[in-house]
Amino acid sequence: MGALQSLPDEPEYRDLSEKTGFSFEQIGILHKRFKQLSHNEDTLRRDDLNTIPDLSCNPIRTQIIEAFFDKRNFHQNGEGTVQEISFEEFLVVMSHFRPPALDMTEEQREIIRREKLRFLFNMHDTDNDGTITLEEYRHVVEELLSRSGALGKETAKGIADAAMLEVASISMGHMEPDEFYEGITFEHFLKILKDIEIETRMNIRFLNMDTTNLCK
Amino acid sequence: MPAFSCAFPGCRRDLLVIVLVVFVGIGLPIEASAPAYQSHGTEGSHLTNITNTKKAFPVLAVNYEHVRKPFEIALWILLALLMKLGFHLIPRLSAVVPESCLLIVVGLLVGGLIKVIGEEPPVLDSQLFFLCLLPPIILDAGYFLPIRPFTENVGTILVFAVIGTLWNAFFMGGLLYALCQIESVGLSGVDLLACLLFGSIVSAVDPVAVLAVFEEIHINELVHILVFGESLLNDAVTVVLYNLFEEFSKVGTVTVLDVFLGVVCFFVVSLGGVLVGAIYGFLAAFTSRFTSHTRVIEPLFVFLYSYMAYLSSEMFHLSGIMALIACGVVMRPYVEANISHKSYTTIKYFLKMWSSVSETLIFIFLGVSTVAGPHAWNWTFVITTVILCLVSRVLGVIGLTFIINKFRIVKLTKKDQFIVAYGGLRGAIAFSLGYLLSNSHQMRNLFLTAIITVIFFTVFVQGMTIRPLVELLAVKKKKESKPSINEEIHTEFLDHLLTGVEGVCGHYGHYHWKEKLNRFNKTYVKRWLIAGENFKEPELIAFYRKMELKQAIMMVESGQLPSVLPSTISMQNIQPRAIPRVSKKREEEIRRILRANLQNNKQKMRSRSYSRHTLFDADEEDDVSEVRLRKTKMEMERRVSVMERRMSHYLTVPANRESPRPGVRRVRFESDNQVFSADSFPTVHFEQPSPPSTPDAVSLEEEVPKRPSLKADIEGPRGNASDNHQGELDYQRLARCLSDPGPNKDKEDDDPFMSC
Chain A
1 MGALQSLPDE
11 PEYRDLSEKT
21 GFSFEQIGIL
31 HKRFKQLSHN
41 EDTLRRDDLN
51 TIPDLSCNPI
61 RTQIIEAFFD
71 KRNFHQNGEG
81 TVQEISFEEF
91 LVVMSHFRPP
101 ALDMTEEQRE
111 IIRREKLRFL
121 FNMHDTDNDG
131 TITLEEYRHV
141 VEELLSRSGA
151 LGKETAKGIA
161 DAAMLEVASI
171 SMGHMEPDEF
181 YEGITFEHFL
191 KILKDIEIET
201 RMNIRFLNMD
211 TTNLCK
Chain B
1 MPAFSCAFPG
11 CRRDLLVIVL
21 VVFVGIGLPI
31 EASAPAYQSH
41 GTEGSHLTNI
51 TNTKKAFPVL
61 AVNYEHVRKP
71 FEIALWILLA
81 LLMKLGFHLI
91 PRLSAVVPES
101 CLLIVVGLLV
111 GGLIKVIGEE
121 PPVLDSQLFF
131 LCLLPPIILD
141 AGYFLPIRPF
151 TENVGTILVF
161 AVIGTLWNAF
171 FMGGLLYALC
181 QIESVGLSGV
191 DLLACLLFGS
201 IVSAVDPVAV
211 LAVFEEIHIN
221 ELVHILVFGE
231 SLLNDAVTVV
241 LYNLFEEFSK
251 VGTVTVLDVF
261 LGVVCFFVVS
271 LGGVLVGAIY
281 GFLAAFTSRF
291 TSHTRVIEPL
301 FVFLYSYMAY
311 LSSEMFHLSG
321 IMALIACGVV
331 MRPYVEANIS
341 HKSYTTIKYF
351 LKMWSSVSET
361 LIFIFLGVST
371 VAGPHAWNWT
381 FVITTVILCL
391 VSRVLGVIGL
401 TFIINKFRIV
411 KLTKKDQFIV
421 AYGGLRGAIA
431 FSLGYLLSNS
441 HQMRNLFLTA
451 IITVIFFTVF
461 VQGMTIRPLV
471 ELLAVKKKKE
481 SKPSINEEIH
491 TEFLDHLLTG
501 VEGVCGHYGH
511 YHWKEKLNRF
521 NKTYVKRWLI
531 AGENFKEPEL
541 IAFYRKMELK
551 QAIMMVESGQ
561 LPSVLPSTIS
571 MQNIQPRAIP
581 RVSKKREEEI
591 RRILRANLQN
601 NKQKMRSRSY
611 SRHTLFDADE
621 EDDVSEVRLR
631 KTKMEMERRV
641 SVMERRMSHY
651 LTVPANRESP
661 RPGVRRVRFE
671 SDNQVFSADS
681 FPTVHFEQPS
691 PPSTPDAVSL
701 EEEVPKRPSL
711 KADIEGPRGN
721 ASDNHQGELD
731 YQRLARCLSD
741 PGPNKDKEDD
751 DPFMSC
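Listed in order, the protein sequences are those of chains A and B. In terms of full-length UniProt numbering, the first sequence opens at residue 1 and continues consecutively. In terms of full-length UniProt numbering, the second sequence opens at residue 1 and continues consecutively.
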């Protein structure tokens with residue numbers, strides 16, 4: 001959005017703050033980080049994120065990076081992926097990890113819960129058809145276990161199969177032997193993860209003070 | 001009246017029996033202490049008589065002195081347990097009144113009875129309390145401490161434990177001193193240090209009381225871990241303050257150097273305790289690495305190392321409680337990866353049993369000591385103490401939460417704060433510390449009385465009202481959820497996701513350090529402390545394996561299907577329809593895996609032979625193993641094709657399960673001791689009653705008599721077979737029947753059930 005300045009730009013930041021809920025200081029710090037990652041350009045590319053050393057040993061690195069470039073996470077009802085993102089889109093994706101405020105009502109918490117779970121769902125549903133199929137779920141588990149040694153695809157398959165069976169049982173109850181469970185829809189996904197209290201778990205701390213100089 | 005209306009007629013009679021037994025139980029220890037004199041007397045006369053006349057040979061003689069001490073101890077414990085039993089038979093009572101209150105009342109009654117008889121009721125000896133009664137409870141708490149919520153909230157817990165306790169101690173001590181200065185109270189002889197000492201004793205939240213009460217209200221995890229963690233970690237502060245003020249009150253003056261030394265002492269006590277505990281924990285983990293041949297004594301290692309950690313740190317005046325917690329927490333992940341399932345169950349049940357007995361005894365003795373102890377009652381002092389306790393706790397919690405919430409991601413709500421404040425119960429530790437005060441304190445009796453009153457107040461009033469208050473305030477309760485593989489997958493997924501996003505954000509947060517610790521743990525520590533190849537196994541797999549194992553055992557033992565998935569959904573519902581060609585490929589894969597499993601298990605079986613300390617003689621193992629294995633291997637190949645269809649009803653490739661024969665207990669035992677590697681999955685059969693019941697399935701069921709639940713396991717020719725001659729023959733019999741497929745079997749192999 002125009003020239004990047006080191007001081008918080010009031011009107012622009014106000015827009016962003018309203019949209020994403022971050023405070024001005026937080027936006028300022030994230031902006032600094034964005035510039036650092038994108039080497040002072042306006043947009044961020046996949047390769048910029050690939051070079052982060054902390055991510056190199058993360059088993060689900062590809063999925064995380066993909067999530068940043070997934071249009072479904074930009075809250076604009078888009079679909080598909082992009083090659084580069086602007087700071088605003090970067091912030092919108094980050095806003096999925098903000099903790100809920102203390103004084104929120106139950107409905108607001110529910111909305112936040114759905115939002116976060118939607119983010120997770122989008123990460124699993126790579127072909128964008130609205131359901132997580134068995135193959136996609138298997139892929140998820142395989143990636144999770146990929147860093148943990150060569151345990152073979154069979155193990156991952158077994159676990160994914162068990163998980164899928166569980167979802168099907170909880171969501172569908174009874175099925176005839178020749179019926180086919182297409183995949184996990186978003187509603188089923190909400191159902192199986194409702195006990196996990198995602199709105200308190202899926203948060204990271206966003207700094208209000210600038211400590212980016214302390215780490216790479 | 002409704003309390004005694006029971007669902008079935010025999011209940012009334014049971015109650016009467018219980019009450020009778022209880023009275024007998026009460027009567028005996030009283031009598032037991034009485035004849036102490038008489039038996040002694042008869043002995044003396046006996047001796048003198050022997051020189052004079054020859055008495056007839058005593059066929060039956062009573063020698064009570066001989067067994068006196070253990071007899072009394074056993075009787076007390078029996079009484080305590082009978083009481084506990086009795087409470088749970090009266091349904092209404094246990095729902096309203098927490099057990100701890102009832103036990104104290106029983107103690108009071110027993111103490112009263114003893115006093116009425118004229119005997120001296122026993123007092124809760126501090127030595128006994130600190131060395132025998134407290135450690136099991138703390139070890140139970142520490143070993144089963146839920147690590148994730150604890151580490152996520154450790155900052156908050158520490159603030160409450162350290163700063164909260166300090167605040168309580170000084171606030172109470174100071175205000176009580178001010179009170180004592182008032183002439184009308186009549187306590188002007190009490191100096192500041194004595195008051196501070198009293199304050200430090202009474203200010204600490206007690207883990208025993210908290211456990212006893214909170215266990216029954218099932219509150220949400222966050223609040224539970226906050227109060228509970230605080231009660232455990234404030235021990236260091238209590239120890240330091242107590243010793244500090246005890247020393248100073250003898251001397252009478254405090255210098256700045258003393259205060260500074262006190263602060264240093266706090267760090268030494270707490271960190272030293274943790275260090276001692278961690279050292280013993282690592283020792284225990286290391287020892288458990290080698291126990292694969294002597295499974296029977298595995299639980300003992302856990303208990304003894306922990307107890308040694310406690311005693312060692314008590315020896316150095318470090319915090320024994322923190323040592324126990326550290327020991328339990330450190331050793332648990334490694335020990336659990338090494339020990340057998342039975343040992344794990346043993347440890348769990350023994351810990352629960354001991355801690356339950358200890359808790360019961362503590363509360364009963366508290367009641368008895370109240371009746372026994374010397375009392376000095378001063379209305380003002382006692383009432384003020386109780387009020388100040390409440391006030392200082394509330395103020396402390398509110399003030400600290402205000403500061404803490406600035407640093408927390410998930411803030412503490414008002415409801416949480418209320419429960420944390422209200423749940424700050426005092427208990428037997430305060431009493432024992434008070435009892436330890438030497439008699440030179442002229443205020444000792446007054447202090448003891450006040451402490452007992454505070455304990456009674458918190459346990460009775462707060463303990464009884466916390467449950468209705470929790471209901472009233474609609475505080476979030478703990479979700480009783482079964483372990484779900486989906487939740488587990490997503491928990492791990494979330495961990496990695498959040499670490500990754502923190503990396504993108506560029507700051508080293510909570511998840512970053514956790515990830516670093518995990519990696520360090522995996523690369524260096526696990527290598528040394530976990531036996532065999534298991535250290536490479538990731539958590540998700542361990543969880544999955546455990547879940548399956550639990551279900552399999554449940555199935556075998558109960559002979560029923562597990563009710564985890566009460567539906568008719570089976571694999572065929574979620575498998576995408578596949579072309580016939582795929583199933584052949586699958587067949588190949590299955591065969592390969594089975595072969596690999598056989599190899600694996602052959603090796604494993606060799607390295608895990610039984611010694612004679614286990615249930616059977618293992619001499620023949622190695623000789624027969626080779627031959628057996630080869631034979632069954634061939635049978636296995638045949639069976640693979642048959643198993644093809646059955647696969648569709650099961651989740652994963654069935655690896656080896658022990659032969660589910662009734663008489664073959666030892667086989668099952670061995671498999672429990674198998675530490676499964678990732679390749680050979682003991683799989684569970686979430687059995688779905690397969691609707692189109694194939695002739696195969698039926699016939700197999702008939703082959704396996706008396707075990708209808710385990711349908712068509714591929715009985716693995718694992719180590720089991722080799723040890724068990726009998727099992728071997730059975731395998732072959734089974735295989736022979738199975739390998740009798742008619743032509744229609746092969747046709748059905750082409751069914752596209754099993755793909756993937």
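Rather than coming from a laboratory, the hints here were simulated on the basis of the structure. For glycine and all other residues, C-beta sits at the position ideal for the given N, C-alpha and C. Misleading hints may appear alongside valid ones.
Ranges between beta-carbon positions, derived for each pair [said to hold, decoys possible]:
| # | chain 1 | residue 1 | chain 2 | residue 2 | range |
| --- | --- | --- | --- | --- | --- |
| 1 | B | 517 | A | 114 | 56 to 64 Å |
| 2 | A | 200 | B | 517 | 15 to 23 Å |
| 3 | B | 81 | A | 200 | 38 to 46 Å |
| 4 | A | 182 | B | 514 | 35 to 43 Å |
| 5 | B | 403 | A | 25 | 32 to 40 Å |
| 6 | A | 62 | B | 155 | 55 to 63 Å |
| 7 | A | 174 | B | 461 | 44 to 52 Å |
| 8 | A | 114 | B | 380 | 55 to 63 Å |
| 9 | A | 47 | B | 469 | 54 to 62 Å |
| 10 | A | 129 | B | 474 | 36 to 44 Å |
| 11 | A | 195 | B | 300 | 17 to 25 Å |
| 12 | B | 300 | A | 182 | 37 to 45 Å |
| 13 | B | 408 | A | 185 | 54 to 62 Å |
Checklist entry - Which hint numbers doesn't this structure obey? => result 1, 5, 6, 11, 12, 13
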